[in-house]
Amino acid sequence: AQSVTQLDSQVPVFEEAPVELRCNYSSSVSVYLFWYVQYPNQGLQLLLKYLSGSTLVKGINGFEAEFNKSQTSFHLRKPSVHISDTAEYFCAVSDRDNFNKFYFGSGTKLNVKP
Amino acid sequence: DAGVIQSPRHEVTEMGQEVTLRCKPISGHNSLFWYRQTMMRGLELLIYFNNNVPIDDSGMPEDRFSAKMPNASFSTLKIQPSEPRDSAVYFCASSPQPSNQPQHFGDGTRLSIL
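Order-wise, the sequence lines are chains Z and L.
Quick note, the working numbering runs 273 ahead of the 1-based positions in the first sequence.
Quick note, the working numbering runs 500 ahead of the 1-based positions in the second sequence.
The set of hints was computed from the structure by calculation and includes no laboratory data.
One or more of the hints may lead you astray.
As the list claims (entries may be wrong) - If you want the footprint, here are the derived chain L segments under chain Z, 3+ residues with CB under 8 Å:
(1) 542–553
(2) 600–607
Unchecked claim - Heads up, simulated DSS-like pairs for lysine-lysine below, C-alpha to C-alpha not over 30 Å straight-line:
(3) L/524 to Z/322
(4) Z/382 to Z/342
(5) Z/382 to Z/322
(6) Z/331 to Z/342
(7) Z/322 to Z/386
(8) L/524 to Z/382
All values reported here derive from a predicted model rather than from experimental measurement.
We put the beta carbon where it would ideally sit given N, CA and C, even for glycine.
Next up, chain Z with everything else stripped away, as it sits in the complex:
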């Protein structure tokens, strides 16, 4: 089974500052990688996904993530955050050989301060 580790449970940052949310997973064999965002009282929405090809993936709302196979990481970045980015962010791994089963990290709460 896969496991996903999000090292930071909370990340406070000031508006317009850059941010990186870290994600590591247990195996680089046969996986797809995703980042989701959850706003208060809502379900999870897809931010971006890595399937293959270029290791730098761009998503919605100005976010991007870089796949690093040797470090089994998929960190999420944004060069300049906005107050509206305050939300919880989840990293997920999909096991190619296991019927779309996703393994989610524990989430990172991003708190953007004015």
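Go by the hints and put chain L onto chain Z.
Same frame as chain Z, but now just chain L:
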């Protein structure tokens, strides 16, 4: 396009009562997932179906929980009898084949057991 539809959005009931949560996946999606989210345990996968067949129910906490998918457009998660520790937000998600496709989440059912 309609997304994943869950009902009810909120449910408050007394312990010992039967609770039924409902989910309508996105049309054409082959896989359906039930998750539970709490502050203490984060996002937990309870069970998932592929082509209406339960594939993995190892996340179902105990026999009080049961899930069915009688057809491709409907699923239920039932708790009988309910207990206060079942209070959580329950999410349903669906995805198409193959496994490189993201899961699409409903808005969740916020369940409170008194």
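We went through each hint and held it up to the structure:
| no. | hint | in the structure |
| --- | --- | --- |
| 1 | 542–553 | holds (count 5) |
| 2 | 600–607 | holds (count 8) |
| 3 | L/524 to Z/322 | holds (24 Å) |
| 4 | Z/382 to Z/342 | holds (25 Å) |
| 5 | Z/382 to Z/322 | holds (19 Å) |
| 6 | Z/331 to Z/342 | holds (17 Å) |
| 7 | Z/322 to Z/386 | holds (27 Å) |
| 8 | L/524 to Z/382 | holds (29 Å) |
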